[in-house]
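*Asks:* Produce the complete structure using the sequences and hints provided.
Quick note, the sequences are listed as chains A and B, same order.
Numbering-wise, the working numbering puts 683 at position 208 of the first sequence, and it's gapless, one number per residue.
Numbering-wise, the working numbering puts 700 at position 225 of the second sequence, and it's gapless, one number per residue.
For the record, the hints were derived by calculation from the structure and aren't laboratory data.
Just so it is clear, CB atoms sit at the ideal spot from N, CA and C, and this is done for glycine as well.
Do not take every clue at face value.
What the hints assert, rightly or not - Over the 12 Å line for every Cβ pair with chain B, so calculated as not near, a few chain A residues:
hint : residue
1    : Glu591
2    : Gly638
3    : Ala691
4    : Arg695
5    : Gly760
6    : Leu847
7    : Tyr906
8    : Glu930
Said to hold, decoys possible - Across the chosen pairs, the derived CB separations fall in these ranges:
hint : chain 1 : residue 1 : chain 2 : residue 2 : range
9    : A       : Ala515    : B       : Glu722    : 34 to 44 Å
10   : A       : Arg670    : B       : Pro886    : 28 to 38 Å
11   : A       : Ala519    : B       : Gly855    : 25 to 35 Å
2 protein chains.
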Amino acid sequence: MTPEEFRRAGHRLVDFIADYRAQASRFPVMARTAPGEVRAQLPAAPPCDPEPFDAVLADLERIVLPGLSHWQHPRFFGYFPANSLLSSVLGDLASTGLGVLGLSWQASPALTEVEEVATDWVRQMVDLSPAWSGVIQDTASTSTLVALLCARERATDFSLTRGSLVAEKSPLVVYTSAHSHSSVSKAALLAGFGRDNVRTVDHDAAYAMRPEALEAAVQRDVEEGRKPCAVVATVGTTTSTALDPLEPIAAIAARHHVWMHVDAALAGSAMILPECRWMWQGVEGADSLVLNVHKWLGVSFDCALYYVRSPEHLVRVMSTNPSYLQTAADAVVKNLRDWGLPLGRRFRALKLWFAIRAEGVAGLQARLRRDLANAQWLAGEIAKTANWRVLAPVPLQTLCIRHEPEGLSGPDLDRHTLAWADRINRGGQAYLTPAILDDRWMVRVSIGALPTEREHVEALWRVLRKEAEMGSGY
Amino acid sequence: MTPEEFRRAGHRLVDFIADYRAQASRFPVMARTAPGEVRAQLPAAPPCDPEPFDAVLADLERIVLPGLSHWQHPRFFGYFPANSLLSSVLGDLASTGLGVLGLSWQASPALTEVEEVATDWVRQMVDLSPAWSGVIQDTASTSTLVALLCARERATDFSLTRGSLVAEKSPLVVYTSAHSHSSVSKAALLAGFGRDNVRTVDHDAAYAMRPEALEAAVQRDVEEGRKPCAVVATVGTTTSTALDPLEPIAAIAARHHVWMHVDAALAGSAMILPECRWMWQGVEGADSLVLNVHKWLGVSFDCALYYVRSPEHLVRVMSTNPSYLQTAADAVVKNLRDWGLPLGRRFRALKLWFAIRAEGVAGLQARLRRDLANAQWLAGEIAKTANWRVLAPVPLQTLCIRHEPEGLSGPDLDRHTLAWADRINRGGQAYLTPAILDDRWMVRVSIGALPTEREHVEALWRVLRKEAEMGSGY
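*Replies:* The structure is reproduced here in structure tokens:
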């Protein structure tokens, strides 16, 4: 495809995307496709000769679109809001269009320096102190893995430079709560801690980690000859946006020289609002922190911001310096390959930089406040309606709700919950993702897709009542 | 930014990219910017109010472009060719524009199924057997880390489900050559093997791993009570595109039940050419394989294809299954979150799918053959010119070259080499990345940027002679 062919095809694709975003509400929110249905429509073998762009675009419309669950639909209430801002889409297009790579600072200086600036802008927006240095990772999963690897190496005085973990005498222990994200235990297992050494610290009635329980667990491990290594605290858990209390956790971590990693993947975006910052009071006591601006803030995926207080330690764990990557500038620049797992690096900062500039901090704040108000409105409606419950505090934009008809409990209640959620999802009017809380299924309502206004939340509430109450005969 | 604002701004950005690609040759290839120069031109704080898209685009032109080294320039001969196809840029734009995420199959079925189809197309294109299953990872670095984690868990019968590495009795050993990529030892250290347990297996005069040396190293470790765990063989090393002999390495791996991972990050693209497939003869004996279609093949970064023979093992090491991600379809679909490190997943397959369809297999083959011929032409010119040497075999598109004036050797020769390479890079006429081979600096010429035709290689050869021969007084 020549630049001129790209120009023509690109204009058509931009129009296609503009039309899709403007009209996303015409689709059923959750894909109705059956397993294998998309695959069956595609040729099993690649084409030998070039196909016209028209054919590709036609298949995008005819085969791909019906196979999507539409995250940018105004009635998408599943998982978490993400990946939405069209200004960020353009930033990412600029990145792929320029086609540069950042293997080192020299390999494209602006790629590194715009990333430094944009991650520092976000640092200021969420009111973190200048003691933090940021870098873009792909996801919170990867960031947490990086954090636990750094914790492992700090606790073992760089065992990787010697015989590594097999040569260690004491098992290293990681602490987290049952409500932390699945990626925390995955990272701990992959980093080599072992399931026996991942402690699930007790939580309170609001699903937040209990600092006393953490202290007790750490002391028990010390007494029994194990080495407390890292604690992962969550600001805004996945299931219910619970808030682990960072300040007391940081005090315990400091006392026992334990690495503290904060997973603020979802809730971190809300810290651009001064009225939300009480939620991560104590964050300055952490060693590392992840904040996914590709979630609620709306930057195009993947854009997880990973902040550390000691970049020197991060670089020492992650660095490589083969001759083919050395340049004369190395002594005075950042080589971001040494700040994470991958060597290759897209110009990912552009999608963040474009988004902040095109929306403005005030614009981003206004949208998040809209979503917080919508969540409070829905919580209020549910709380005052018979047989409906909001099951957890709603500090942010996620509600955990259940319709509890009289006489229904246990597995029967689970069946009821999953049935009405499934009816709504299959009906195409909204998309909701059920989850388990206190051993019972409930339904998460995650508000904050870009086009979701009050009217869509009102429409959701009507659908919820209709499908849950009719289905149960109440 | 509304869909209509996106439409207008998107058209302008498409034109900007088309113009940039058509006129990339007007820039000095390597950025002339000084450290901190880009950063100094950007505001230290984020804007409160939205800025017009014009202002962002103007800064892209005025601040970012001069701060780039231009990977899509016809005289870019640094690192490796990458990230080039405009058809792929459009596929990536479609992905960010649709704004979906693949947390599970259900979260957007087409995202998973197009990835299954596109990775299988590439499998066929490089003539791997149907025993391989593919998934897209970000980079070869990450893929190799995943491979070594899978090897570790196979060798320890899933130590991660117990007390993990600290509880193991025998150190686990990884084998590779001094010419493998820096990401191999990085992955081994991060996966917890420890530097003491990473063996550098001897290589031959063509920089390829010697199977007899591998066999001897494995036997020595077994005798001394260590456990051979994994071998990483490279098809097309970074420095000189050397080819580790896969067939005898696979035989040794099979005999000792050692995991064999093949790093074909660069050279894998060449396997779409039947005449190149001798280079990885024996690949079917490997357990895992990485092939970066974002390199020479030209798909937009990041698109590393990771193939495994046992997806069940991969999933067992990587899987998580929290309630909030469970769906009714899970038993009959692939959930690609369990095929790698991150949970979140872009619709990365689109950029691969668009590229293959828009270019056609024959089109991709023709371009790679052009680059192979250009490399052979340059190798021929150098070989017949006094005081110039091609230092390693040229099976692909990378040449290792040196100008060796009579009487110059040792550190003096290094100074001469680095000086003329630096003159060329600073002069802006071409971009070359020097590297060390046999303890001496030489210059890599990596051919294959999308717009690089014979005329540009001829121009490079004139520049090489001028700068090296004049600079040395010869």
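*Asks:* Starting from the hint list further up, note which numbers the structure goes against and sort them upward.
*Replies:* 1, 2, 7, 10, 11
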